[in-house]
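Asks: Chains as they are written, first to last, in my numbering: chain X, 13 to 174; chain P, 1366 to 1908.
Derived by calculation from the structure, the hints in this document are not laboratory data. Here the structure is a predicted model, which is why all the values come from computation and not from measurement. Do not take every clue at face value.
Derived contacts from chain X toward chain P, CB cut-off under 8 Å, selection only [unchecked claim]:
(1) Ser36
(2) Lys131
(3) Glu151
(4) Leu153
(5) Pro154
(6) Met156
(7) Ser157
(8) Leu164
(9) Gln165
(10) Ile168
Facing chain X, from chain P, some residues (calculated, C-beta under 8 Å) [what the hints assert, rightly or not]:
(11) Met1604
(12) Thr1605
(13) Ile1608
Glycine included, each C-beta is placed from N, C-alpha and C at the ideal position.
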Amino acid sequence: MSDIYIICVEDEPHVLDVVLRDLSSLEEVFPIELAHSADEARQLISEIKEEGNKIGLAICDHIMPGDKGVDLMIEMQKESFTQDTRKVLLTGQAGLEETIQAVNNAKLNRYISKPWKPKELLDVAIDELTTYVIEHEKELLPFMSVLDQERLQEAIRSKGYV
Amino acid sequence: MPGKRKKVTDKIKPYIGLSLGVLGFLIPHFFHFDGLSFAGHIALGIFLMSAVFWMFEAIPIYSTSMLVIFFQITLLSQQGLIYSDAVLPALQPEQKSENTWQVPAAAMDDSKVYILKDEINYKPLQVKVLEEGDNVVFVSADIQPDTKLVADTQHKLVGYKPVSFSVFFGTLASPIIILFLGGFMLAGASVKYNLDKNLTSVLLKPFGQKPMYIILGLMLVTATLSAFMSNTATTAMMMTVAIPIAMQVSKEDKFRIMLALSIPIAANIGGMATPIGTPPNAIVIANLNQQGISIAFGTWVSIMLPLVIVLLLLAWGSMRMIYPPTLEAFKLTLKGSFDKSGKAVILYVIFVITVLLWFTEAQHGVPSSMIAFLPIMGLTVTSVMKQDDIRSLPWEVLWLVAGGIALGISMENTGLAMWLVSSINWDTFPQLLLLLVFGGVALMLSNFLSNTVTATLLIPLAVSMGTSGIAGEGFSLIITSLVIGSACNMAMLLPISTPPNAIAMSTGFIKTPDMVKVGLIIGLVGIVAALVLSQIYWPFIIN
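Could you build the full structure based on these sequences and the hints that come with them?
Replies: As structure tokens, then:
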């Protein structure tokens, strides 16, 4: 089975640390990869693609040197490999215009404003990854230990077989 | 990287399977096997091909079933390519003296000639051979100057009377398939209206919070549900109950292993309990039906229930020894409230009536497959099951079983099954040893093949031993078929043995050796238990 990755794109190292800490309980099932810029993220995405793995969740800061987070997400939305990846924008400084763009063109799934409460990010990640695996994975039991058990249980029962 | 290498073999495997299957199909067309009819050769080709395809899963197992039926209608049916205008070649024997006749050697089969009745029917006649050679001279008082004989005893119509193609198609609507369809409808509606989930929470409550009782409760509930639902669906559902419990212990705790193992084991075993529990039961019943033997729903349950209970307790006991639990008590949070909408109530009523009628077949005499049409009709007429729900039923399982039944028909009526078993001198075997051989072979095969496929390949052999009498005194067709059927369901050694095992592996809580340990105990003790019951208990129920 191929792995489902979580990628985090954020230029400030201490914020990345916090993200990593908040999501640590997911790491045994969903490997987490970090990128410090949009360019690094592109390289990371192509590496994950080459190894035959998938990206279930992308958490992305907006204000970064180089390409902005929203632009990266729009790009990911256009690529078939990352189209279904759940996309979370994590930022304190995106303006209304950019946010609208992110929602309309990048099919942004969630918006988290900085600073966030520790559990908030984890809950969002669990919720989004649960949606991702229900839509894309055949075997859901391996995810029951870290994701939303109730939703997975419903999905497993309703997946049709009698 | 070991992972990569595995992927390569996975890629090659279907091609090996495909080529071996095609080879198996062709072999009987290039080699002649003595004692096997022309049609038997065709059936052997289909048999070898389907066995290989089923083993390698070169194509999905249900499509192999469809392929079997395709070859049967094209090659073995009365309307097919080979038999549509087939006519037996006629021959007038040459009279030598009053009761002495001469025919070409091709018209003589050992010391039998075949008297032609019409274009496709003949009657064998035992004669006394005087002279052999290119022409055979024989003595018989039953031959008149105008008697016509079959000129070629190797002709394709000798040893096989072609059946209509509709016989092969008809397997998909055979009573046992309709019985299964009725079961699918009930199970599908139960999942739709959460009856399975709610029953689980009600049934599990009395088992409290002690680890070993939770396991026992899970196993009993799983087995009960899987007696009516598919083993796979039951396992998937019960796993979602077990995993939250497993999360309460540390990752190293062996209790997790026991939880994840107990459910597929109970689901596999529970499938034995009713005719609709699992497809191998269908193969057993369908093959017996063709011999004019019918087993009532309630009779099946009373035959199998003791075995099911013994195996469940055995599995529970041995897991308790291998993985003693460490924690004292568990939280069991099960939410469930029964759906009280009108449609759900209709489902409950139809469910209860159907099951009651199934269990009282002996009293009212209406066959269980006729009763099965009650939920099929009732749940659709009342819109409890809508178009989408009907579409989501596992139709491929019905095709798989239908193909299995169809293959069995051809193995019997072409003489293939008889030819396969007649190479061994069975009547020197004590009956118990014979059962052990059949059970052991079924158990071994079934650990690697689908349970249904194993039953499909083996039951026709048992049937032909029963009908031909080569098995010797005391052979019971029913008991042998039941032993094979239950052995197929006891195979749970490996993750690939059954779909429930594969589901359990996907949780990541267990490793293959855990499964092998418990699976081995169940398989070995299970066979012995089945043999013991087959001697001291089953005969009383059947008679």
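Asks: Decide, hint by hint, whether the structure agrees.
Replies: Status of the hints after comparison with the structure:
1. Here the hint on serine 36 of chain X is broken, as its CB sits about 15 Å from the closest CB of chain P, past 8 Å.
2. Hint on lysine 131 of chain X is violated. Least Cβ distance to chain P is approximately 18 Å, over the 8 Å limit.
3. Interface hint status for glutamate 151 of chain X: upheld, as the beta-carbon distance to the closest one in chain P is roughly 5 Å, under 8 Å.
4. At a threshold of 8 Å, the smallest CB-CB gap from leucine 153 of chain X to chain P is about 5 Å, leaving the interface hint in force.
5. For proline 154 of chain X, the interface hint holds, since its Cβ comes within 8 Å of a Cβ in chain P; the closest pair sits about 5 Å apart.
6. At a threshold of 8 Å, the smallest CB-CB gap from methionine 156 of chain X to chain P is about 4 Å, leaving the interface hint in force.
7. For serine 157 of chain X, the interface hint holds, the least distance from its beta-carbon to any beta-carbon of chain P being 6 Å, beneath 8 Å.
8. For leucine 164 of chain X, the interface hint holds, the least distance from its beta-carbon to any beta-carbon of chain P being 7 Å, beneath 8 Å.
9. Residue-level restraint check for glutamine 165 of chain X holds (minimum Cβ-Cβ distance to chain P is 4 Å; threshold 8 Å).
10. With its C-beta approaching chain P no nearer than about 5 Å, isoleucine 168 of chain X sits inside the 8 Å limit, and its interface hint holds.
11. For methionine 1604 of chain P, the shortest C-beta to C-beta distance to chain X is roughly 5 Å, which falls under 8 Å, so the interface hint holds.
12. Given the 8 Å rule on beta carbons, the hint for threonine 1605 of chain P holds: about 4 Å separates it from the nearest Cβ of chain X.
13. Checking isoleucine 1608 of chain P against chain X by beta carbon gives a least distance of about 4 Å; that is within 8 Å, so the hint holds.
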